[in-house]
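Participant: What follows is the residue order along each chain.
Protein chains: 4
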Amino acid sequence: MAGVSLNKARTIVRKALAKGQELELKPLSVVVLDAGGHVQAFEREDGASPGRFDIARGKAYGAVMLGMSGSAQMARAEQQAYFMNAVNGVFGGAVIPVPGGVLLRDKKGDVIGAVGVTGDTSDNDAIAAMAGIEAAGLMGEA
Amino acid sequence: MAGVSLNKARTIVRKALAKGQELELKPLSVVVLDAGGHVQAFEREDGASPGRFDIARGKAYGAVMLGMSGSAQMARAEQQAYFMNAVNGVFGGAVIPVPGGVLLRDKKGDVIGAVGVTGDTSDNDAIAAMAGIEAAGLMGEA
Amino acid sequence: MAGVSLNKARTIVRKALAKGQELELKPLSVVVLDAGGHVQAFEREDGASPGRFDIARGKAYGAVMLGMSGSAQMARAEQQAYFMNAVNGVFGGAVIPVPGGVLLRDKKGDVIGAVGVTGDTSDNDAIAAMAGIEAAGLMGEA
Amino acid sequence: MAGVSLNKARTIVRKALAKGQELELKPLSVVVLDAGGHVQAFEREDGASPGRFDIARGKAYGAVMLGMSGSAQMARAEQQAYFMNAVNGVFGGAVIPVPGGVLLRDKKGDVIGAVGVTGDTSDNDAIAAMAGIEAAGLMGEA
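Protein chains in written order, with UniProt numbering: chain A, 1 to 142; chain B, 1 to 142; chain C, 1 to 142; chain D, 1 to 142.
Next up, chain A with everything else stripped away, as it sits in the complex:
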């Protein structure tokens, strides 16, 4: 399965958490999924609520499965909520269509996975995700 190496996934997670601390965000949780939507790495900061894994994964999972960033999914949900609800039906309810879900692309532009961040506002979550992705030398689409 295409994906980033565990080494790069670690860098993404650590640097996203570091960005959250630098910006004094609430405790964050960060997941990296491979190109099949399967979990590769995850960390939840001390003080984050227990349900954060599911939310982080939901943001990244929708990105991979639909090939759409969290922002693009949110735009669609704003215009056509019943469509995103129905999409969630076929994906077992596992999709959270808001910013903080960021597509990972390789140099050719192919999707190689996604990052999901949750804990602060959706926009701040996306900023932290992008910081992690850049630190790993990858391209993100938020």
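No lab work stands behind these hints: they were computed from the structure.
The list cannot tell twin chains apart, which means a pair is met if one copy fits it or any two copies do.
In silico lysine to aspartate or glutamate, EDC-like type, Cα no more than 16 Å apart, as pairs:
1. K26 / D110
2. K108 / D46
3. K26 / D120
4. K108 / E141
These figures come from a predicted structure and were not determined experimentally.
Assemble chains B, C and D onto chain A, guided by the hints.
Facilitator: What follows is chains B, C and D alone, placed relative to chain A:
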């Protein structure tokens, strides 16, 4: 598992029910969850409808898993319904995002569980929950 | 819905827990369901594992839904495991077919609910359940 | 929420993976759950199959929810397969009852979470888990 003792949970349940009787509310149901969202104590008053366990738990479960009170969840649902729908998807449909779901915090402010009350209006449910929590000497966030 | 009063349900729960303490069993969890299989009261002792609500309910739920005690369900599972697996399919996987699930009957012999106890061996769980039921002046079928 | 700190969780994950490399095991995946069964940290080595997150979590989840190590769960499944099947029903099919699921206990003996390792034989998975737990200065029950 962080949580209140069974002794304190009993006090919460009994005093919340007593508050409902004092205010002549409809028959109430009261649940106490631990910091992982797992049931510790529950009682349903005579005359309450049979589905009240699931509703009480749903109010408290969302509070624990998201670290947000029922009021805060309702505000988010009012602003962004598709987001709370999606959140509920990742939690198996188990979240009821309205008042009556009250976070329990310890003296440091850490979440140690939640109380869920249902049976009357959501606002009256929250009043009963807070009465139980105060009687147990704990801090609630409704 | 037929069922015991909350008052009697409380007695069952308390006396079952007291029996467990008297016999020095592991921490117990006790649920009382009404004649429709819906939760009326539950308590989990300090030190019990977090999943005990689901197990206690599963023991009592099978008893109500099938009109069979936990012992009778276990006998059937021992003889015909695939049948009890299939039964669980139609009940959403919610049935735990072992002792500790005890039918509650009124004086005419009609089922008015069930009690589920978990935490120690299945046989000890059933002993604690029967002690609670007898203390409430009801008839149990373990 | 009772649990280990993220710092300790990282140590567990890294040292369990290092043990696997030292013993030349197949690529491992390691999860740390808190005392409520919620994910705190996870890493999957390069070359592991994509479903490893669910298996690692399943091993650790059963340990937390039942308060039983993977070895104890396997012994029960060997003796009474229909019981462990039924238990899995009430936990949404999320339990993998084999070694590699290791309970984490604090100094008083209270369960504070669990570690799940998968990728090699169940017994080797448990060895790697214990190496991580010891490196973090915690007590494990495999």
